[in-house]
Amino acid sequence: DVKVTQSSRYLVKRTGEKVFLECVQDMDHENMFWYRQDPGLGLRLIYFSYDVKMKEKGDIPEGYSVSREKKERFSLILESASTNQTSMYLCASGGIDGTSRNYNEQFFGPGTRLTVL
Amino acid sequence: GENVEQHPSTLSVQEGDSAVIKCTYSDSASNYFPWYKQELGKGPQLIIDIRSNVGEKKDQRIAVTLNKTAKHFSLHITETQPEDSAVYFCAARIYGNNRLAFGKGNQVVVIP
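So the protein lines, in turn, are chains P and G. If you read the first sequence in my numbering, its first letter stands for residue -12, the second for the next number, and so on. If you read the second sequence in my numbering, its first letter stands for residue 715, the second for the next number, and so on.
Be careful, since some hints might not be right.
[Unchecked claim] In silico EDC-like cross-links for lysine to aspartate or glutamate, where the CA-CA straight-line distance does not exceed 20 Å: (1) G:K818 / G:D773; (2) P:K57 / P:E43; (3) G:K756 / G:E793; (4) P:K58 / P:D25; (5) G:K818 / P:D25; (6) G:K756 / P:E9; (7) G:K818 / G:E793; (8) G:K772 / P:E92; (9) P:K(-10) / P:E59; (10) G:K772 / G:D741; (11) G:K756 / P:E92; (12) G:K818 / P:E59; (13) P:K44 / P:D13; (14) G:K751 / G:E770; (15) G:K818 / P:E92; (16) P:K58 / P:E43; (17) P:K57 / P:E4; (18) G:K782 / G:E753; (19) G:K782 / G:E716; (20) P:K42 / P:D15; (21) G:K756 / P:D38; (22) G:K771 / P:E92; (23) G:K785 / G:D741; (24) P:K44 / P:D25; (25) G:K785 / G:E753; (26) G:K756 / G:E716; (27) P:K44 / G:E716; (28) G:K751 / P:E92; (29) G:K818 / G:E716; (30) G:K756 / P:D13; (31) G:K818 / G:E729; (32) P:K57 / P:E9; (33) P:K40 / P:D25; (34) P:K0 / P:D38; (35) P:K(-10) / P:E4; (36) P:K57 / P:D25; (37) G:K782 / G:E797; (38) P:K(-10) / G:E729; (39) G:K751 / P:D25.
No wet-lab data here; the hints were simulated from the structure. Please read all numbers here as calculations on a predicted model, not as lab measurements.
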């Protein structure tokens, strides 16, 4: 079974702190994604990565950065946490179908609920 | 970019009845349409998907239909059970793109 794990289920931080959210996948997927989920707003893409050291901005990258030093690990960084970054953060990974070369489904982790005080 | 709209936002059904959730998309180049189910306290999980060369796909009590002309696709759940209560997200992906555009989600409540 594909497994995507996130370093914490719940996290409480103070305004101005630097926050690291870690995500690890065990399926050798090329693509990894960070979303945030807020009530009524669905899943919004923050950043994604299609290869080691490669990254692209999603729809809401402001206030966030990412790091992908190894294929299996994708980190989301809040340089200076603010209260409006209180949210559920979801990591996902996805591969490419070897035969059709179509991008396949995304597998999600359990999420990290971050509260910034 | 692709824009996905999802209706209704909340759906309550009696146990045993059918539930239908409809999504519309904007970009005719989209060719992959997955549906995800998110249970309380968990991440979304893929339950069914359809590619644009197929009009309908079934898996036990769930089915997805796609109308490319009208640019909409629907999730059908038959004989609903309490464990079907969850948030359901539809999504669309443009060919050659590795991003998914998600709808805002539907809360489905199955009343015993």
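Results of checking the hints against the structure:
Note on K818 (chain G) and D773 (chain G): the hinted pairing is violated, with a Cα-Cα distance of about 24 Å set against a maximum of 20 Å. The suggested pairing of K57 (chain P) with E43 (chain P) holds, with an alpha-carbon distance near 16 Å, which does not exceed 20 Å. At roughly 24 Å between alpha-carbon atoms, K756 (chain G) and E793 (chain G) are farther apart than 20 Å, so this suggested pair is violated. The straight-line distance between the Cα atoms of K58 (chain P) and D25 (chain P) is roughly 28 Å, outside the 20 Å bound, and the hint therefore fails.
About 10 Å separates the Cα atoms of K818 (chain G) and D25 (chain P), which keeps this hinted pair within 20 Å; it holds. In summary, the hint linking K756 (chain G) to E9 (chain P) is supported, as the alpha carbons are separated by about 17 Å, within the 20 Å threshold. Straight-line distance between C-alpha atoms of K818 (chain G) and E793 (chain G) comes to about 25 Å, which puts the hinted pair past the 20 Å bound. This hinted pair checks out: K772 (chain G) and E92 (chain P) have alpha carbons roughly 17 Å apart, not beyond 20 Å.
Proposed proximity of K(-10) (chain P) and E59 (chain P) is supported: the alpha carbons are some 11 Å apart, at most 20 Å. Of the supplied pair hints, the one linking K772 (chain G) and D741 (chain G) is violated, its CA atoms being roughly 24 Å apart against a limit of 20 Å. Of the pairs offered as hints, the one joining K756 (chain G) and E92 (chain P) holds, with about 17 Å between alpha carbons and a cut-off of 20 Å not exceeded. Distance check on the hinted pair: K818 (chain G) and E59 (chain P) sit about 28 Å apart at the alpha-carbon level, beyond 20 Å; violated.
The suggested pairing of K44 (chain P) with D13 (chain P) is violated, with an alpha-carbon distance near 24 Å, which exceeds 20 Å. In summary, the hint linking K751 (chain G) to E770 (chain G) is supported, as the alpha carbons are separated by about 19 Å, within the 20 Å threshold. A C-alpha spacing of about 18 Å is found between K818 (chain G) and E92 (chain P), which places the hinted pair at or below 20 Å, so the restraint holds. Taken as a hint, the K58 (chain P) and E43 (chain P) pair is honoured in the structure, with Cα atoms around 15 Å apart against an allowance of 20 Å.
Between K57 (chain P) and E4 (chain P), the direct Cα distance comes to roughly 25 Å. Violation of the 20 Å bound is thereby established for this hinted pair. Between K782 (chain G) and E753 (chain G), the direct Cα distance comes to roughly 29 Å. Violation of the 20 Å bound is thereby established for this hinted pair. For the given pair, K782 (chain G) sits about 14 Å from E716 (chain G) by alpha-carbon distance, which is consistent with the 20 Å threshold. A threshold of 20 Å between alpha carbons decides the hint, and for K42 (chain P) with D15 (chain P) the separation of about 17 Å falls inside it, so the pair holds.
Taken as a hint, the K756 (chain G) and D38 (chain P) pair is broken in the structure, with Cα atoms around 26 Å apart against an allowance of 20 Å. For the proposed pair K771 (chain G) and E92 (chain P), the alpha carbon gap of about 16 Å is at most 20 Å, so the pair holds. For the suggested pair K785 (chain G) and D741 (chain G), the alpha carbons sit about 8 Å apart, so the restraint of at most 20 Å is met. Using a Cα cut-off of 20 Å, the hinted pair K44 (chain P) and D25 (chain P) holds, with the two alpha carbons roughly 19 Å apart.
The straight-line distance between the Cα atoms of K785 (chain G) and E753 (chain G) is roughly 28 Å, outside the 20 Å bound, and the hint therefore fails. As the CA atoms of K756 (chain G) and E716 (chain G) are separated by approximately 26 Å, the hinted pair breaks the 20 Å bound. For a cut-off of 20 Å, the pair hint linking K44 (chain P) to E716 (chain G) stands: about 15 Å separates their Cα positions. Restraint check for K751 (chain G) and E92 (chain P): satisfied, since their Cα atoms lie roughly 13 Å apart, inside the 20 Å limit.
Between K818 (chain G) and E716 (chain G) the alpha-carbon distance is near 13 Å, which keeps this suggested pair within the 20 Å criterion. Note on K756 (chain G) and D13 (chain P): the hinted pairing holds, with a Cα-Cα distance of about 18 Å set against a maximum of 20 Å. In summary, the hint linking K818 (chain G) to E729 (chain G) is not supported, as the alpha carbons are separated by about 24 Å, beyond the 20 Å threshold. Restraint check: the Cα-Cα separation between K57 (chain P) and E9 (chain P) comes to about 12 Å, which is no more than 20 Å; the hinted pair holds.
A hinted pair counts as satisfied when its Cα atoms are at most 20 Å apart, and K40 (chain P) with D25 (chain P) does not qualify at roughly 28 Å. For the hint pairing K0 (chain P) with D38 (chain P), the CA-to-CA distance comes to about 30 Å; that exceeds 20 Å, so the pair is violated. Distance hint between K(-10) (chain P) and E4 (chain P) is unfulfilled; the C-alpha atoms sit about 29 Å from each other, more than 20 Å. Simply put, K57 (chain P) and D25 (chain P) have alpha-carbon atoms about 29 Å apart, too far for the 20 Å limit, and the pair is violated.
For the hint pairing K782 (chain G) with E797 (chain G), the CA-to-CA distance comes to about 31 Å; that exceeds 20 Å, so the pair is violated. Between the alpha carbons of K(-10) (chain P) and E729 (chain G) the distance comes to roughly 32 Å, so the proposed pair goes past 20 Å and is violated. Of the pairs offered as hints, the one joining K751 (chain G) and D25 (chain P) holds, with about 16 Å between alpha carbons and a cut-off of 20 Å not exceeded.
The structure fails to meet hints 1, 3, 4, 7, 10, 12, 13, 17, 18, 21, 25, 26, 31, 33, 34, 35, 36, 37 and 38 from the earlier list, while all remaining hints are met.
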